[in-house]
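Each chain, written out:
There are 4 protein chains.
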Amino acid sequence: MLTSTVDIRARYSETDQMGRVYYSNYLVYFEVGRTHLIRQYWKSYSDLEKDGYFLPVLETHCRYHNPVGYDDLIRIESRLTFTRPTILHFDYVLTNPEKSFLIAEGYTEHCFMTRDGKPRRAPAELHRLVREGR
Amino acid sequence: MLTSTVDIRARYSETDQMGRVYYSNYLVYFEVGRTHLIRQYWKSYSDLEKDGYFLPVLETHCRYHNPVGYDDLIRIESRLTFTRPTILHFDYVLTNPEKSFLIAEGYTEHCFMTRDGKPRRAPAELHRLVREGR
Amino acid sequence: MLTSTVDIRARYSETDQMGRVYYSNYLVYFEVGRTHLIRQYWKSYSDLEKDGYFLPVLETHCRYHNPVGYDDLIRIESRLTFTRPTILHFDYVLTNPEKSFLIAEGYTEHCFMTRDGKPRRAPAELHRLVREGR
Amino acid sequence: MLTSTVDIRARYSETDQMGRVYYSNYLVYFEVGRTHLIRQYWKSYSDLEKDGYFLPVLETHCRYHNPVGYDDLIRIESRLTFTRPTILHFDYVLTNPEKSFLIAEGYTEHCFMTRDGKPRRAPAELHRLVREGR
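Here the protein sequences line up with chains A, B, C and D, keeping their order.
28 is the number that this note's numbering gives to position 28 of the first sequence; each next residue is one higher, with no gaps.
Position in the second sequence (from 1) plus 1000 gives the number in this note's numbering.
Position in the third sequence (from 1) plus 2000 gives the number in this note's numbering.
Position in the fourth sequence (from 1) plus 3000 gives the number in this note's numbering.
Please note: incorrect hints may appear among the correct ones.
To be verified - Partner residues aside, some chain A positions facing chain B, computed with beta carbon under 7 Å:
#1 Ser24
#2 Trp42
#3 Glu59
#4 His61
#5 Arg79
What the hints assert, rightly or not - Across the chosen pairs, the derived CB separations fall in these ranges:
#6 Arg3121(D) - Asn2066(C): 17 to 27 Å
#7 Leu1073(B) - Pro56(A): 29 to 39 Å
#8 Arg1128(B) - Asp3047(D): 28 to 38 Å
#9 Asn1066(B) - Gln2040(C): 20 to 30 Å
#10 Leu2073(C) - Leu1073(B): 49 to 59 Å
Quick caveat, the hints were computed from the structure, so don't treat them as lab data.
Think of the CB as a built atom: it goes at the ideal place given N, C-alpha and C, for glycine as much as any other residue.
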């Protein structure tokens, strides 16, 4: 298991006319979280693609607890595990660190594939990192 | 239960560097589907907000079956039910009608609230429409 | 010169907390307009990329006249000319066809390049189409 | 004149299938730049709206010099002047600070209005800040 934390602020472009962050943007925040986690423990996801590894999403889920508005601070906590040797599972918890309440929680699942869209074994190094938790 | 179908094409802006539609945009397609369903049976969601009804999202789930690329045709089939008297549940199935394969399926759950964010009873007329299926 | 017209509706995801369409989304509407124009006279932009032609943007300009809100109908009129043999120039006019007022107007300029980012001569057929206006 | 600098990284969601940041997202980066500038010298734009000041965009222009890809660092330099007592003019320069090349440059123009969309005089304090340059 690997965990990581990163803070961002909601952009004006991410709000909608209800005055809140539009619901699909939480999935973009999830991406910011997992990008940060992978870079912190291993390498940039960008380099991963240069090595021929792609990580399409298989499934995503999000539960929305409290709305978040423009310029609000959002703390993204991400956690990586393997549910199967080939399936990466990321859990996310979004909180407001200034007012300490839960914004949302969710998960995404991914597999590894080649540039051509063929399934690919996860790198052994990532398995080791997740197992050792660092 | 109410059902509705609408076709759209993936925009270039919606793709990512993997050459596919970025995963959060499926939630935007869901929105296009439910907006279409509500307008078809009842009224525009825009008028609903003028009447003081807002529909924040409580939960969302999506399973990604086959990727979709720029300019691909996407058929969005939406289905509305009430899981509780206050909770709207939309199911979505996205298919490629030209090549007839499944792209994705998912759901969103919503409650009614006032402009100020207070819970609000769902309009009786919508309950009737969903019960009668037309 | 080639001209083309297409109508779309503003999505909820495209609004911001001012209750209007967020300003960068007008550039997405421009993309919808030029994609439509190219498909109408010639081929899908998607096929163009399969032929190894890419059209990065060099410059864009937009003047915002009247705001547009969720679910409003937007008419996108696009016009294609060549300002130089290698530079495509698209002009766009966005209007509300229901209430007949001007929403915005702007332009984008593009060049042709290869997949590797090298400059490439515009296809002779496109020059002929623009010259003949059909 | 007020100037401000902020660094961000391009998100995966912001790329397109050409493998570059999609052109409308530069306008989102501009927003990040001006939000940062206003907060640095004065107050959060969020508070500005609470005070009843809204800043719709009148015009925008962008020249794209060199592409930027996923996870690339982007330095946003913003500069605020008044072109007329009622018109705020922001200039932006986007560079890659790691490889020191120009990504793009552009501007946006805004006016002040009330929540109801009526023109409103710019706050005297902002005029003073811009005049004094701090």
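Structure-based check of all given hints:
Here the hint on Ser24(A) is kept, as its CB sits about 4 Å from the closest CB of chain B, short of 7 Å. Given the 7 Å rule on beta carbons, the hint for Trp42(A) is violated: about 19 Å separates it from the nearest Cβ of chain B. The interface hint given for Glu59(A) holds, since its Cβ lies 5 Å from the closest Cβ of chain B, which is under the 7 Å cut-off. Nearest Cβ of chain B to the Cβ of His61(A): about 5 Å, under the 7 Å cut. The hint holds.
At its closest, the beta carbon of Arg79(A) sits 19 Å from a beta carbon of chain B; the interface hint therefore is violated under the 7 Å criterion. The hinted window of 17 to 27 Å between Arg3121(D) and Asn2066(C) holds, with their beta carbons roughly 22 Å apart. The beta-carbon spacing between Leu1073(B) and Pro56(A), approximately 21 Å, falls outside the hinted interval of 29 to 39 Å. Judged by the Cβ atoms, the range 28 to 38 Å given for Arg1128(B) and Asp3047(D) is violated: they are separated by roughly 45 Å.
The hinted range of 20 to 30 Å is satisfied by Asn1066(B) and Gln2040(C), whose Cβ atoms lie roughly 28 Å apart. For the pair Leu2073(C) and Leu1073(B), the beta carbons lie near 21 Å from each other, so the given range of 49 to 59 Å is not met.
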